[in-house]
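Chemist: Chain by chain, the residues:
Protein chains: 2
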Amino acid sequence: MNHSVLLTDLYQLTMADAYYQSGKAEDEAVFHLYFRKPPFKGGYALACGLERAAEFLENFRFSSEEISYLSRLTGADGKRLFSEDFLDAMAELKFTCDVDAVEEGTPVFANEPLIRVRGPISQCQLIETPLLNFVNFETLIATKASRLREAVKDDQLLEFGMRRAQGPDGAMAASRAAYVGGADATSNVLAGMKFGIPVKGTHAHSWVMSFDTEREAFEAYARAMPHNSVFLVDTYDTLDGVRRATEMAKIIEEKGHRLGGIRLDSGDLAYLSIEARKILDQAGLNDAKIVASNDLNENIIESLKAQGARIDVWGVGTQLATAYDQPALGGVYKLAAIREKGGDWEHRLKLSEQAVKVSTPGILGVRRYFDGQTYAGDLIYDELSGIDEPATLVDPADFTRRKPVSTFEFEELLVPIFRDGSRVYQSPGAEAARRRARTELLKFHASIRRFMNPHEYPVGFDARLHTLKTELILKARGLAQP
Amino acid sequence: MNHSVLLTDLYQLTMADAYYQSGKAEDEAVFHLYFRKPPFKGGYALACGLERAAEFLENFRFSSEEISYLSRLTGADGKRLFSEDFLDAMAELKFTCDVDAVEEGTPVFANEPLIRVRGPISQCQLIETPLLNFVNFETLIATKASRLREAVKDDQLLEFGMRRAQGPDGAMAASRAAYVGGADATSNVLAGMKFGIPVKGTHAHSWVMSFDTEREAFEAYARAMPHNSVFLVDTYDTLDGVRRATEMAKIIEEKGHRLGGIRLDSGDLAYLSIEARKILDQAGLNDAKIVASNDLNENIIESLKAQGARIDVWGVGTQLATAYDQPALGGVYKLAAIREKGGDWEHRLKLSEQAVKVSTPGILGVRRYFDGQTYAGDLIYDELSGIDEPATLVDPADFTRRKPVSTFEFEELLVPIFRDGSRVYQSPGAEAARRRARTELLKFHASIRRFMNPHEYPVGFDARLHTLKTELILKARGLAQP
Chain A
0 MNHSVLLTDL YQLTMADAYY QSGKAEDEAV FHLYFRKPPF KGGYALACGL
50 ERAAEFLENF RFSSEEISYL SRLTGADGKR LFSEDFLDAM AELKFTCDVD
100 AVEEGTPVFA NEPLIRVRGP ISQCQLIETP LLNFVNFETL IATKASRLRE
150 AVKDDQLLEF GMRRAQGPDG AMAASRAAYV GGADATSNVL AGMKFGIPVK
200 GTHAHSWVMS FDTEREAFEA YARAMPHNSV FLVDTYDTLD GVRRATEMAK
250 IIEEKGHRLG GIRLDSGDLA YLSIEARKIL DQAGLNDAKI VASNDLNENI
300 IESLKAQGAR IDVWGVGTQL ATAYDQPALG GVYKLAAIRE KGGDWEHRLK
350 LSEQAVKVST PGILGVRRYF DGQTYAGDLI YDELSGIDEP ATLVDPADFT
400 RRKPVSTFEF EELLVPIFRD GSRVYQSPGA EAARRRARTE LLKFHASIRR
450 FMNPHEYPVG FDARLHTLKT ELILKARGLA QP
Chain B
0 MNHSVLLTDL YQLTMADAYY QSGKAEDEAV FHLYFRKPPF KGGYALACGL
50 ERAAEFLENF RFSSEEISYL SRLTGADGKR LFSEDFLDAM AELKFTCDVD
100 AVEEGTPVFA NEPLIRVRGP ISQCQLIETP LLNFVNFETL IATKASRLRE
150 AVKDDQLLEF GMRRAQGPDG AMAASRAAYV GGADATSNVL AGMKFGIPVK
200 GTHAHSWVMS FDTEREAFEA YARAMPHNSV FLVDTYDTLD GVRRATEMAK
250 IIEEKGHRLG GIRLDSGDLA YLSIEARKIL DQAGLNDAKI VASNDLNENI
300 IESLKAQGAR IDVWGVGTQL ATAYDQPALG GVYKLAAIRE KGGDWEHRLK
350 LSEQAVKVST PGILGVRRYF DGQTYAGDLI YDELSGIDEP ATLVDPADFT
400 RRKPVSTFEF EELLVPIFRD GSRVYQSPGA EAARRRARTE LLKFHASIRR
450 FMNPHEYPVG FDARLHTLKT ELILKARGLA QP
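Taken in sequence, the protein lines are chains A and B.
Taking numbering that gives the first Met the number 0, the leading residue of the first sequence gets 0, the next gets one more, and so forth.
Taking numbering that gives the first Met the number 0, the leading residue of the second sequence gets 0, the next gets one more, and so forth.
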């Protein structure tokens with residue numbers, strides 16, 4: 000799907016115009032997209048949204064319709080908002096930035112750049128809002144799905160949140176990101192077609208209600224769909240419905256199939272699943288699955304499992320597709336370095352009264368160190384300053400805490416996506432990102448995946464970067480005094 | 000924007016196939032889309048999403064690519080999931096339903112049909128998920144915006160949530176719905192172009208950071224955009240920034256304009272706005288506006304106003320675009336009546352252990368009564384049963400509470416949108432829906448707009464419908480016994 004370049008905040012365009020008029024439009028800048036806190040009070044996030052971001056950037060150009068719309072916008076005086084020179088430049092604009100990013104499905108932590116953009120400052124600004132939009136949302140949902148995956152363990156996890164997702168694309172992006180994060184399938188047929196995700200579904204309460212009795216409804220369904228037979232049993236009386244479903248096994252077997260299972264969508268899922276299992280087993284249907292749904296989330300699933308619920312397949316809708324308990328990730332996009340044409344790089348940071356909100360200057364990279372068993376820590380460093388050897392993580396929250404990592408192997412998390420505006424990275428797709436997520440998550444100590452007070456994985460600054468940032472903060476605070 | 004017919008849950012398609020195979024695909028059904036509780040613990044919701052729903056239905060047809068995808072899906076046995084007859088029928092399918100709906104911008108209440116669909120049951124099912132998706136989300140956001148409108152009173156309200164919205168369309172639909180609900184403008188340029196919504200924006204922190212000093216940054220901006228001059232003043236020291244902004248007034252006046260104002264994006268907005276106002280006034284800039292943002296919602300805005308904050312323009316992002324405190328509306332779509340070809344209508348309801356979750360049978364209409372001052376109550380009635388005259392609202396939660404309304408004027412809330420699959424309603428657009436929302440909301444007693452324990456507006460069943468529903472529940476509970 001191509002998105003218009005106007006999918007951005009107006010101030011990106013007014014700033015771009017002002018950069019043109021100030022002769023700074025071609026000043027080279029570096030911006031980083033990162034978050035300050037993992038979502039859901041968790042220990043990590045799963046990067047997602049890069050595929051869409053790359054597609055967007057690949058198609059980054061203004062159409063004549065878009066230019067014409069912009070030319071009709073007015074300022075406070077009722078005259079045109081944008082200068083003609085600027086709009087002429089936009090009509091000709093070619094995307095020329097370098098973009099590096101963390102691959103989809105990679106576990107990431109606070110303050111690590113998920114995307115780094117380097118190029119003319121006007122271009123860097125124009126793409127800020129869409130990049131944040133794509134990455135914030137998909138990372139949020141992939142992370143939520145990976146938490147649900149953690150809760151269901153080896154059971155099946157289905158996403159079916161479309162009806163309450165935030166718009167059609169909210170549903171589409173959620174289905175894809177949920178799959179990357181660990182869902183096995185979705186009810187969203189279009190996501191199945193577009194992203195190659197397995198789709199699942201059988202029938203609803205309305206099917207049962209449209210017949211005079213539940214028995215008639217089940218029989219009709221069994222005859223029509225014996226190869227896709229999970230019966231929703233709670234339209235009238237749930238355990239009655241389970242017994243009635245077992246009676247369908249014969250019809251289904253006559254057609255050469257096995258009863259797929261039953262679905263519980265209300266009531267006490269622990270009690271009902273245990274009783275339903277007994278009924279199914281007594282009918283010799285040990286292979287029939289019990290599917291459960293009804294406002295599930297990772298905590299409820301953990302609790303149901305602790306209660307001995309006999310659920311094989313977990314359907315999660317609203318809580319997954321909207322990340323109900325935290326429906327937005329607060330990712331930000333901050334200027335970190337700038338240079339005038341022919342000049343030297345200057346570091347930049349944004350001050351804040353809260354230390355955690357002060358941005359990090361530099362052209363940042365991230366190295367992830369592996370101690371042979373698990374990942375040992377991530378080093379955020381500034382390419383301009385270089386790494387202070389032997390490599391040591393300096394805890395940004397307490398610079399007296401340091402962890403040496405130089406004896407470990409490492410990999411660079413940021414990979415080239417665009418060079419001089421040309422795409423140099425092909426997305427491996429949702430399926431590959433999903434495999435990556437599972438493999439990579441297991442290389443961390445399990446305690447980062449805990450829901451309650453997860454372990455804080457060590458992410459540190461390189462010592463030179465730490466010193467640089469401290470100096471710049473002190474300098475900026477000095478300058479900021481009246 | 001056209002959406003694929005596959006934007007639906009798989010079970011709608013498996014049910015449709017099973018209806019075809021059971022010879023019931025052309026049975027006529029009536030479904031209602033409604034919610035059971037207004038969002039945000041509020042007293043109402045603002046209907047929204049119909050324009051998109053109507054566009055979707057107008058373009059409801061399967062493409063060959065879609066049929067081909069469906070033909071490749073498999074069941075448990077690895078053989079095709081869908082029958083060939085069914086897919087042939089889908090390839091030829093024409094939408095033939097009657098659709099009635101509440102117009103966008105209309106205040107609505109629990110249990111009232113927002114959309115009523117009548118037609119072949121297979122078609123009614125296929126469109127369930129997209130209708131819910133469109134209406135749930137846009138109604139949610141329009142309602143949130145109208146609460147923010149209530150909080151800001153006559154001040155300006157800006158929506159700028161794109162960066163943390165749930166995907167690009169989450170941002171687009173949110174911008175439109177927020178405008179319908181009462182926002183004055185958005186930062187979303189594409190929403191401006193597509194929906195004719197006013198757009199606003201000036202510059203970000205990065206603008207200031209990209210210059211060596213705040214003064215240079217402000218001067219460059221003032222020269223480039225004197226006709227759109229709201230200065231973001233909190234990059235370094237906020238009140239310092241305000242003073243610096245006042246110094247720009249001269250440059251701006253030399254270019255024939257007035258200083259637009261300043262924007263506060265952090266810190267204590269009550270204190271800072273009061274102090275900023277003094278600085279601006281002392282500089283003779285009484286007409287300069289103070290814009291504030293930073294995780295605002297209706298409660299914070301109310302509190303800031305109570306503290307005497309001098310804010311003229313309120314920018315709300317994440318909290319509005321994602322409806323952060325309740326990111327999904329739980330709208331449902333329930334079968335309420337059915338008839339076989341040539342047969343009589345049969346009422347249908349879905350039982351539940353919770354009384355509030357029992358659906359309402361019939362072909363429902365809603366009359367809204369006006370007592371000359373305010374709306375007096377809404378009557379939900381069944382067209383098949385007719386209205387028990389003199390019209391009386393029976394409280395669904397306590398049938399001994401009754402309110403006679405027959406002496407009042409009324410209007411029907413549901414208007415025809417499709418007849419026999421043809422669109423008979425032209426959407427008046429976002430601007431008209433916005434006016435309707437404001438006008439209509441003011442015809443209710445103000446107490447329904449209160450945030451804390453709002454007044455419960457009387458919505459009752461017609462007496463015949465009440466009796467019918469009671470009888471059907473008793474009958475169903477009887478039938479449901481083992």
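Bear in mind the hints are in silico, worked out from the structure with no lab data behind them.
Careful: at least some of the hints might be erroneous.
A pair holds if it fits inside one copy or across any two, identical chains being indistinguishable in the list.
Keeping only pairs whose Cα atoms sit at most 30 Å apart, straight-line, the calculated DSS-like set for lysine-lysine is [as the list claims (entries may be wrong)]: (1) K193 / K93; (2) K93 / K402; (3) K193 / K78; (4) K288 / K78; (5) K349 / K442.
Chemist: Hint by hint, note whether the structure agrees.
Modeler: Checked hints:
1. K193 / K93: Both. Shortest intra-copy (28 Å) and inter-copy (24 Å) distances satisfy the 30 Å Cα cut-off.
2. K93 / K402: neither (44 Å within a copy, 67 Å between copies)
3. K193 / K78: This pair counts as between: shortest inter-copy Cα distance 21 Å, intra-copy 44 Å.
4. K288 / K78: between (66 Å within a copy, 20 Å between copies)
5. K349 / K442: This pair counts as neither: shortest intra-copy Cα distance 34 Å, inter-copy 48 Å.
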